[in-house]
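Chains as they are written, first to last, in our numbering: chain A, 1 to 131; chain B, 132 to 407; chain C, 408 to 488.
There may be inaccurate statements among the hints.
[Unchecked claim] Under the rule of at most 20 Å between Cα atoms (straight-line distance), these lysine to any residue pairs were calculated in the SDA-like manner:
hint	chain 1	residue 1	chain 2	residue 2
1	A	K61	A	N8
2	A	K61	A	D78
3	A	K61	B	K133
4	A	K13	B	G158
5	A	K60	A	I11
6	A	K60	C	I453
7	A	K39	A	N130
8	A	K60	B	S162
9	A	K13	A	I50
10	B	K133	A	K13
11	A	K114	A	A94
12	A	K61	B	E325
13	A	K39	C	T472
Hints are computed from structural coordinates only; laboratory data are not their basis.
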Amino acid sequence: MTAAGYINLIIAKYNYWIYIVLMCVGLWGMIVKRNLVKKIIGMNILQTAIILFYVSIATKKGAALPILAHHIGAHRTDPATIINPLPHVLMLTAIVVSVATLGVALALTINIYKRYGTLEEDEIHDLMRNA
Amino acid sequence: MKRFALLAVLLFGALLVYGTTDFPDWGDPSSPAATHVSPHYIRHSLEETAVPNIVTAVLADYRGYDTMFETSVIFTAGLACFFLLRVFARKAPDSRLYRHRATGITLRIEQGGRLPEGAREFERIDSQWVPYDLIIRTACRLVLPFIQLFALYVVAHGHHSPGGGFQGGVIFGAAVILYAISHDLRSTLQMLPERRTVLMSAGGVLIYAGTGLICLLLGAQFLDYAALAGILGVDPIMARSHGIFIVEIGVAIAVMAVMVSLYYNLASVGRFDEGL
Amino acid sequence: MIWQLEFIILLLVVVCGVAALTVRDLLGAAILFGAYSFMMCLLWAIMGAVDVAFTEASVGAGVSTVFFVAAVFRTSRRSRD
Numbered sequence: 001m002t003a004a005g006y007i008n009l010i011i012a013k014y015n016y017w018i019y020i021v022l023m024c025v026g027l028w029g030m031i032v033k034r035n036l037v038k039k040i041i042g043m044n045i046l047q048t049a050i051i052l053f054y055v056s057i058a059t060k061k062g063a064a065l066p067i068l069a070h071h072i073g074a075h076r077t078d079p080a081t082i083i084n085p086l087p088h089v090l091m092l093t094a095i096v097v098s099v100a101t102l103g104v105a106l107a108l109t110i111n112i113y114k115r116y117g118t119l120e121e122d123e124i125h126d127l128m129r130n131a
Numbered sequence: 132m133k134r135f136a137l138l139a140v141l142l143f144g145a146l147l148v149y150g151t152t153d154f155p156d157w158g159d160p161s162s163p164a165a166t167h168v169s170p171h172y173i174r175h176s177l178e179e180t181a182v183p184n185i186v187t188a189v190l191a192d193y194r195g196y197d198t199m200f201e202t203s204v205i206f207t208a209g210l211a212c213f214f215l216l217r218v219f220a221r222k223a224p225d226s227r228l229y230r231h232r233a234t235g236i237t238l239r240i241e242q243g244g245r246l247p248e249g250a251r252e253f254e255r256i257d258s259q260w261v262p263y264d265l266i267i268r269t270a271c272r273l274v275l276p277f278i279q280l281f282a283l284y285v286v287a288h289g290h291h292s293p294g295g296g297f298q299g300g301v302i303f304g305a306a307v308i309l310y311a312i313s314h315d316l317r318s319t320l321q322m323l324p325e326r327r328t329v330l331m332s333a334g335g336v337l338i339y340a341g342t343g344l345i346c347l348l349l350g351a352q353f354l355d356y357a358a359l360a361g362i363l364g365v366d367p368i369m370a371r372s373h374g375i376f377i378v379e380i381g382v383a384i385a386v387m388a389v390m391v392s393l394y395y396n397l398a399s400v401g402r403f404d405e406g407l
Numbered sequence: 408m409i410w411q412l413e414f415i416i417l418l419l420v421v422v423c424g425v426a427a428l429t430v431r432d433l434l435g436a437a438i439l440f441g442a443y444s445f446m447m448c449l450l451w452a453i454m455g456a457v458d459v460a461f462t463e464a465s466v467g468a469g470v471s472t473v474f475f476v477a478a479v480f481r482t483s484r485r486s487r488d
């Protein structure tokens, strides 16, 4: 592939590259960071990156929002002129479920803090080994 | 360890980049995601359900099972947070703090004692109490009714504009949380007790599942709202529209109650005495 | 669609995400995560996913930031990394 071909590839899919960067950032946060709250933030960044990916595959160039006007006859609606609504539906529920899982994760974190008095993963490991 | 993690992340990124080169171009109308079932929704959802917002129609009608179980996931998360954090300590707190409103003198009463009834010039305060900002309190109280009204509008107008049960429920819950932050947790608990939030979250899921069950009893399939036409007194297409609305109300109630109960549990570490 | 605007928002999303993970003050991390969520919501609104953007604006930037702040308030604010 020529250089122009690569540049075209990068420009044609630039949203996808951002979602890859964000997924890597989130995964890096989950693995490397020792603080439990930081790990939860990393998990949320990973989730939003996946949602960004789904929203990106739903877009169509120059298409309208997935809300129809009443006066347009349904039979005249061309699918190429309306953004694909299906990934939006899947992601809408995923966001609300993500906040529910965030609540449970923070509850677990608070319980761990009550028992060990720290949020750092390595200190918790030491305390567990010595106990 | 850190080097190994970096290697794993870079490998993960390289695999994703390799996979992405095979993707259809960004914004391609003939990509696989846009060809199979979504053209049917775009073409026929308005004539089949009379709901202009396709997302709402697909969310609550075509993919009704999905949304019902998402709602029950949220309900389960609320329950899980309750069981993880809630402590039912019957013993009285070590000490209570009372502040004289006019002078700002604080009394500390040990061993579970309390002020006599009718001591109106004292108010009970949290141990990490900071002086109230009059501007924040007044501004929040002014803005709260409008937030709640907007939440109800978002639920009711979800057929024609972005919005629906999830968003409206979260906004209503955020209004209650704003009250709890700008005032204190005890006064919020007097307005919306814990028992009521649990009952409301269960009731919201019950409204959703009950609508489906009524459809089943009327001889149609589970969550096929067209069967409600006889009860509601409208034609089957409008019945689907109304069915979506009923279901959205259930979702909104459940989401609102779960958000508030999650906040109660997290902010007071399950003791329900002092909040954020 | 204004591509400069979209580019700036994409850049800010990445910057806010990395900053939320690297800052040592957990309260600051919670607020930066709220900013990240709001930038993400703007990005989705640009892409035409208005329902998703609305949900993220109320959930990600609103309620989950409050949850983070509540959890940090009840645990510790410092982080070693």
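To see whether the hints hold, each was checked on the structure:
Of the supplied pair hints, the one linking K61/A and N8/A holds, its CA atoms being roughly 16 Å apart against a limit of 20 Å. Between K61/A and D78/A the CA atoms are separated by roughly 14 Å; this keeps the pair inside 20 Å, and the hint holds. Using a Cα cut-off of 20 Å, the hinted pair K61/A and K133/B is violated, with the two alpha carbons roughly 41 Å apart. Restraint check for K13/A and G158/B: the C-alpha separation of about 9 Å stays at or below 20 Å, so the hint holds.
About 16 Å separates the Cα atoms of K60/A and I11/A, which keeps this hinted pair within 20 Å; it holds. Under the criterion of a C-alpha separation no larger than 20 Å, the hint pairing K60/A with I453/C is consistent with the structure, at around 12 Å. Of the pairs offered as hints, the one joining K39/A and N130/A is violated, with about 24 Å between alpha carbons and a cut-off of 20 Å exceeded. Of the pairs offered as hints, the one joining K60/A and S162/B holds, with about 9 Å between alpha carbons and a cut-off of 20 Å not exceeded.
About 15 Å separates the Cα atoms of K13/A and I50/A, which keeps this hinted pair within 20 Å; it holds. At roughly 31 Å between alpha-carbon atoms, K133/B and K13/A are farther apart than 20 Å, so this suggested pair is violated. As the CA atoms of K114/A and A94/A are separated by approximately 30 Å, the hinted pair breaks the 20 Å bound. Of the supplied pair hints, the one linking K61/A and E325/B is violated, its CA atoms being roughly 48 Å apart against a limit of 20 Å.
With a C-alpha separation of about 15 Å, the suggested pairing of K39/A with T472/C holds against the 20 Å cut-off.
Comparing the model with each numbered hint stated earlier shows that hints 3, 7, 10, 11 and 12 do not hold.
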